[in-house]
Each structure stands twice: as structure tokens, then as C-alpha cells.
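**Student:** Sequence:
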Amino acid sequence: MSIPSELFHIDIEHLGDRKIFPFHIYVYNPQSQSYSPYLFANSPMGNDKWEFIQFITEKGGEIAVDKKQKRTFLHEMSLQEEDIPSLAEKELSEIEKKRLEKINKKKHQLELKQQQNPDAMDEGEKVYDLKSGLNDCIKMDNFLPMILAAKEEIEIFELTISHTVSLAAYLGENLLTEDNFTNRIVAFCYFMTKNMDMKDQETLADIICAAFFAHLGYTQLDYSISHTAQLELNEKQKKKHEKHPGYSHHMLVKSGVELSDRCKNIIFQHHELYAGQGYPSQKRGEFIDILGLILGSVSHIFEFSTGRINGSALPLELVINRLKNKTFTAGLEFDFGDKIYENLIYLIDTENNTKAA
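Residue 723 in my numbering sits at position 180 of the sequence shown; the count goes up by one each step and never skips.
Any given hint could be a false lead.
[Unchecked claim] Straight-line alpha carbon distances no greater than 27 Å define the calculated DSS-like cross-link-like pairs of lysine-lysine that follow:
{"no.": "1", "residue 1": "K562", "residue 2": "K610"}
{"no.": "2", "residue 1": "K641", "residue 2": "K656"}
{"no.": "3", "residue 1": "K742", "residue 2": "K645"}
{"no.": "4", "residue 1": "K640", "residue 2": "K610"}
Hints in this document: simulated from the structure, not taken from any laboratory. All figures in this text were calculated on a predicted structure; none of them were measured in a lab.
Please take these sequences and the hints and turn them into a complete structure.
**Tutor:** In C-alpha cells:
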């Protein structure tokens, strides 16, 4: 089993004979294959709870504590980090060591590149400017510069944060090498997420992996459905098409690929709309993950511009301009929430295209 990156495993003996703990205790249930809160901080550990936690561990369950409460746990239980195996640094395998050497080499190359660009030295995260970069890509109809810029950053993600972060780095290094439909979505989502001030590697890895895997469910649809413009589908085909987020989610769960719960939720939610008119669950507002809305909006823009929605391709510039002006166009969605809307219209220079739209 894989413990969530925000928790660390402890043994039942580490709890001693105390009845009240100033930290939350989580348990892993082998039947549900998930961790859940078991005893909240400063709640009494009665005999029933103690007996049940013993039963859980005897049956293969595990106990964990939130890493944010690590210092409290160690202090209160008079323990050191070396007393807790899950907190000890893991010995890297030969493959991991080679990967780490490669990452460090690329980091060094990136630092040299930033030093050669004085404007980037103080704020290295802004090496790629999404607003100007996006407009250049649109004018040339070539997103390779954006894709390669994303690759350069993603492939040096840290090695030991989580499985999802490591997978994002691997996918970025090996797949973000050419200009194609999926890579455009991945790169745009990545930089847009950073642009909205979500810059930690776990969050970025969630949107990267979700963007790569979101349309995996299309492989489970009939060819006639997956290769027909969405507005041209009949009602029966439309209902089948709307199942593809669930298919993607199900395939990833069954595959055993270790992805964060948030990443899987983003995939499942990326066709939800802010007012609740999306699918598959008609979620609304704050109940939709902001990353799901980012992925949904970016995917929709590229799908619409390539004719996947109504059968007619339209320059990306004009698609975003119509979003900005909320110009009614069959199949074009606007309802991704104010945060997404404001960020999208900021990114594209539409001053010279109002008449064309």
C-alpha cells in the first residue's frame, strides 16, 4: 500500500498508554484501501476505540499521523525522527540515483540559463511568460515553445515528494517533446495553474497528470462516438460520451497507477460547469476543484478550436475572444467561474480581433 504523502506511518506501540493525544490519528482500512481520520486531536481514546484500533492493525491496517503535526507528535511522545522508520530517509535505488543525477544536472543548466538572463535572476519562476508566450504560439499556430518550456521545468521536479510528482516528471521528460493536441493542453494547464499562484510541485503534478490522462476514457467509446463532433451526436451517443470521465477514472484506479486522490478527482470533474450544468455529477461552484475547472476550460477551448465540439474549426484567438465577449456560439461554454474567466481573458490579446469575432 502507499501512504498519502501528507501522512507518516507509526506503530501502535508509539502511542504508549495515553488516552488523549494532541494530534489527529488516521487509520488505513484494508477493505476500503484508504486512510481516514480515526481520532481527532484532544478526543479521548476510550476502551472501545483502543480495542478497535488494535483489531484494525492486527488485520493489516495501519496508523498514521499528519506530517504537519510531526513536531507535536515527536515532542508529546518523547520520540526522535530516527525512532519512526517512515520518517527516515529512504535509501535510493540505482535507478533513482541516476535519475537524481540527471535532475541535478538539468537544474544546474537552468540556473546558468537564468544567470544569462538578468530579468529572470530575481524571479526564476517567471522564465516563461504565459501571456506573451501564448500570443506568440497562437500567431504561429505552433505551441512547441510553450511545450518545451513546460518540459524544462517539469522534468526537474523533486524525486521523493510523491508518486504523482515523480510520474509528472517522467511524463514531462518523455512526452513533452512535440506539438500535439494533448501536449498543448498539458503545457497551457501547467502555466495557467502557476499563473493563478498555485506553484507547489504536488499541485502542479496533479494538473499535469490529470491533463495527460483525462481523455483516457475515449478508448472505451465506440469509434463513431469518439470521432464525431459532440453537437452531432444523438441522445444515446451523447449519454455514452458523457461517461468518458468515469471511464478514465475507473481505468486509472484499476491499472494500479499510483495517483493522488486529487488528481483522480480532477479527471472525474473536468467536464463539470460552475452553475451545475456539467457532467457527470452536476457539481457546482466551490464543490468543483479549481484544477478541474482549469483543465475543463483549457480542454474545451482546444476542443472547440479544432472542431471537436461543433464540427467547424475556429482560430484559438477567436474562441477566447468569444469567451471574453460571451458571444453565443453553439457548443461554446462560458461557465467556468469568474477566476478562470478573468485569467483566460487576461492572457489573450484580443484588441485587434473584436471585429473578426
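**Student:** Of the numbered hints stated earlier in the document, which are not met by this structure?
**Tutor:** none
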